[in-house]
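Colleague: For reference, the chains in residue letters:
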Amino acid sequence: MLIWVTHMRSKAEIWQGTLALMVLKTLNSMGTQHGYGIARRIEQTSDDLLAINHGTLYPVLLKLEQEGAIASEWGVSENNRRAKFYRITPAGRRQLSAEVTQWAQATEIVGRFVALKGQKA
Amino acid sequence: MRGSDGELAEELESHISLMAEESIGHGVPPEKAWREARLRFGSVDAATESYRDQRKLPLLETVLSDLRFASRGIRRNPGFATVAVLSLAIGIGANTAIFSLVHSVLLQPLAFSDPSRVYGARSLLPQSFGQNAIGVNPMQAREWAKHCPSLEQVALTRGRGAQIAAGGEPAAFRGADVPHNLFSLFGVSPLLGRAFLIEEEEEGHGRVVMLSESVWRSRFSADPSLVGQSILVDGENHVVVGIVPAWFRALGRDVYRPLVLRKDEIGRMNGNFNYSAYVRLRQAATPASAIAEMNVVLARHSGPAGTRMEVKAALIPMHELVTGRARSGLWMLAAAVGAVLLIVCVNLANLMLSRTASRGREAAIRSALGASRGRQMGQILTESLLLSFSGGFLGVVLAGWTLQFLAATSSFDIPRLEEVRLDNFVLGFAFVLTVVTGLLFGALPAWRFTRTQPQEALRAGSHTVTEGRGGLRLRSALISVEVGLSAALLIVAGLLTSSLTHLLDVDKGFSSDGVLTVDVGLAGGRYAEASSKERFFDRLLSAVSVLPGVSAAGAITQLPTLGESWNDPIYLEGAPSEKKHPVNNRYTSPGYFRAMSIPVLSGRVFGESDRGRSVAVLSEKAAKLLWPGEPNVVGRMFMGEDDKLKTLVGVVAEVRATLPSDAPATAYYPYWQRPPGGMSLVVRTTVDPRSVSGALRTALRGEDAQLPIPAIRTMSEVVVGSVAQRRFQRGLMLAFAICGLLVASLGIYGVVSYSVARRRNEIGIRMALGSSRSQLLGLLLRQGMAPVVFGLGVGVAVALLLGQGIRGLLFEVQPADPLTIAGVSAVLLVVGALACLVPARRAAGSDAIAALRLE
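These protein sequences, in sequence, are chains A and B. Residue 49 is where the first sequence starts when you use the working numbering, and the numbers rise one by one after that. Residue 422 is where the second sequence starts when you use the working numbering, and the numbers rise one by one after that.
Don't read these hints as lab results, they were simulated from the structure. Since we're looking at a predicted model, the values are computed, not measured. Every residue gets a Cβ at the ideal spot worked out from N, C-alpha and C, and that includes glycine. Hints are supplied without guarantee of correctness; some may be wrong.
To be verified - Under the rule of at most 20 angstroms between Cα atoms (straight-line distance), these lysine to aspartate or glutamate pairs were calculated in the DMTMM-like manner:
{"id": "1", "chain 1": "A", "residue 1": "K132", "chain 2": "B", "residue 2": "E431"}
{"id": "2", "chain 1": "B", "residue 1": "K1065", "chain 2": "B", "residue 2": "E994"}
{"id": "3", "chain 1": "B", "residue 1": "K684", "chain 2": "B", "residue 2": "D1064"}
{"id": "4", "chain 1": "B", "residue 1": "K453", "chain 2": "B", "residue 2": "E443"}
{"id": "5", "chain 1": "A", "residue 1": "K111", "chain 2": "B", "residue 2": "E470"}
{"id": "6", "chain 1": "A", "residue 1": "K111", "chain 2": "B", "residue 2": "E428"}
{"id": "7", "chain 1": "B", "residue 1": "K1000", "chain 2": "B", "residue 2": "D1064"}
{"id": "8", "chain 1": "A", "residue 1": "K132", "chain 2": "B", "residue 2": "D426"}
{"id": "9", "chain 1": "A", "residue 1": "K111", "chain 2": "B", "residue 2": "D466"}
{"id": "10", "chain 1": "A", "residue 1": "K132", "chain 2": "B", "residue 2": "D466"}
{"id": "11", "chain 1": "A", "residue 1": "K111", "chain 2": "B", "residue 2": "D1064"}
{"id": "12", "chain 1": "A", "residue 1": "K132", "chain 2": "B", "residue 2": "E428"}
{"id": "13", "chain 1": "A", "residue 1": "K111", "chain 2": "B", "residue 2": "D959"}
{"id": "14", "chain 1": "A", "residue 1": "K132", "chain 2": "A", "residue 2": "E147"}
{"id": "15", "chain 1": "B", "residue 1": "K1000", "chain 2": "B", "residue 2": "E1062"}
Unchecked claim - On the chain A side, residues computed to face chain B include the following (Cβ under 7 angstroms):
{"id": "16", "residue": "G83"}
{"id": "17", "residue": "Y84"}
{"id": "18", "residue": "H102"}
{"id": "19", "residue": "G103"}
{"id": "20", "residue": "L110"}
{"id": "21", "residue": "R129"}
All chains, full assembly: derive it from the sequences and hints.
Modeller: Right, here's the structure in full:
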């Protein structure tokens, strides 16, 4: 199952929310990282099942920063380029755990229905 | 802001380079690595756009880039921009100028202290013939001041012109005799010096005078040492005791002298209503309570015969006194000029709709690239606001010039004109109006611009975005609005023109053809004696009547159409008070009636043989008042001219004292019975009046070289001048209506051109299928004129409704005057048809094959 995600405005908001969760989780486990690193990590975590447009990451990063969930500062990357490094903030950790709980609940409920259908079949 | 855009670009570049270098590290060739990296990253522009949208903050940057784009668009389309800016300049400028007038004249309170408590007092005589409120007499004012607790102050004034020789050519000025408390009643402090003292109102006291600031500046160069000096006023020395500040123009006078009342003038309760009175109410008092008290005082004082005359008091707020006659006219002009701006907006919206329709592809591409709808609408609004501000700036400049021009010409008789200026409040109004206008005419195109779906527009093969039928319907609806507003404006202008024509054509009671007139005022000093005045006029009249080209010469104390004056009663000897009829009184010379072609209905006019006798001539209405129903009254006696016994020698026809009102009852006395200080000479000429004016001037100088001679005018000029305000209103309305018509016709032309251009295919097919040229023209004309006819209908209906509001400005014309409505409809239909025909003919003339090939 390959999910090819393009920049479609009608689904943008749902996508942005999911991506934000993935970004926070990544930063939480990886520590400080720059934009490319976050994108690669997300792809790796999904075992390359998720191929995202890296460009869509940046509005999400800005939104998280505006909300205070992450903080940024300029640094130097591995290949000696200037890059912005992001890290999660305490407020971001709280937001992350809240959203993870919500996501788990939603998954469980849907899972029950999916399981139900399977038995019938 | 720019920095973070640059920072983002840098961040994105480094992201991509990291991606590329990782691939290179895995052995991918660099070129391929970079290309794949960019592909995997996705559109940098889209990411930047979304990032910016999320950021939202740098409004300034967005606005600046919109401005740059808008100005480029405008430069590419100079024709449209010129039309837009010019029509906006006219619309916004006219609105600013009229608002300035309305604000200063009608809305601003008068400049003196607590103006809402100052009123003009008038007498109401229910049985007075053809008049409503007239002046007051001195006894009334004195009694009111003594016995009305609601009135804090009462001041009586009397108009009296003055001649001043100092400081330049001898000239006549409007003046007034005022009491010592007049200025304190209004709360006016003299600019220099002081107001009058109560002692100066006594007879025989030394002569003092106060001058207005404008006279002080124009004739005495604002010399501060003038106060305390003596100048010649009416030929006698007066000491200047004070200067009245320029902003106090409520009385409209330049020369003030103390009001000196003779004992006999004060004693007469029922005559001589020739004074004006002003009152200031106490804090707690209401006008109703004041009027009640004043009426009690009036009722207490009976006439000499012991019976009461039914005089009541009236209080007119000072503001209305000063501006009342201009009020409805100015509001009408404000509404008109608003309608013009609305027409301009609708027209520009229409024009912009057609422009943005052709940019539908651009809109679609922007949309596909990620531009939000708000952003795109913002861009269109920026364009409209840019046009609006350009037009608005130009308009304010135009308004400034117009106001300066109005202030310079005094021929329009607008009250408080000296207070009108483009102050900050008015400029603020202009700014708000500009913004609202820009948003108004940009909103519709902006909304429609962003409504097109990207897929439609990008479909291959279409050159323009089809608006669908909705687009054309919208634009036709806008045309209807324009035509409707235009119709309303034209109807009002037509009604005003009709009124003015009727007014000038009304039977005035005299003939002004070929009549010259000049005001002759005799200064005191040399003419202190009544006999010297009499001799002067005797000589002058005989000298003027023998001038070549002169068929008759006469004189009168106040010319017709310049207003009613000198209300004094006539009555039969021994008549009770209620039978004393106040009439207009005039002193004239015998030749006056012939010079003005006033018919003599019975008897004769007085002549040289009547010197030494006490005689008078009455107008028909006056004679009917004294002797109702009796046909032959010549030779009868009556009391007139300040309670003297008179013999009636003749009855003459009515003469209007003001053009719009019916003629008042008038009594005429020969001037030698009490020679006046000034009269207006009237001279009937057999040749062109202008050629006689030189000889007239010479004759005047011949009698007295030092006499100030104001302009010699024709009687027609005087009559037309008496309706100056109506002419002003009519002139402006006509100008606005024509502007509106021009703009509306441009709009019709534009819409029909556009619709025809869009339908070239259809036209080509119709022609190929055998439609004749005239059939095609007919079709296009019908479709083009449909919104015009609809708009005309709505406009006429609206004008009929609103016409009731301007009833007061009309004269002998109904608001629903069929002639005017028919005329306006004809004009609009013809203009509309022409505007449709021009593009329709072009289209119908096009080659069918060529039209089809174009697609």
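Colleague: Broken hints, numbered, in rising order?
Modeller: The structure breaks hints 11, 13 and 14; every other hint is satisfied.
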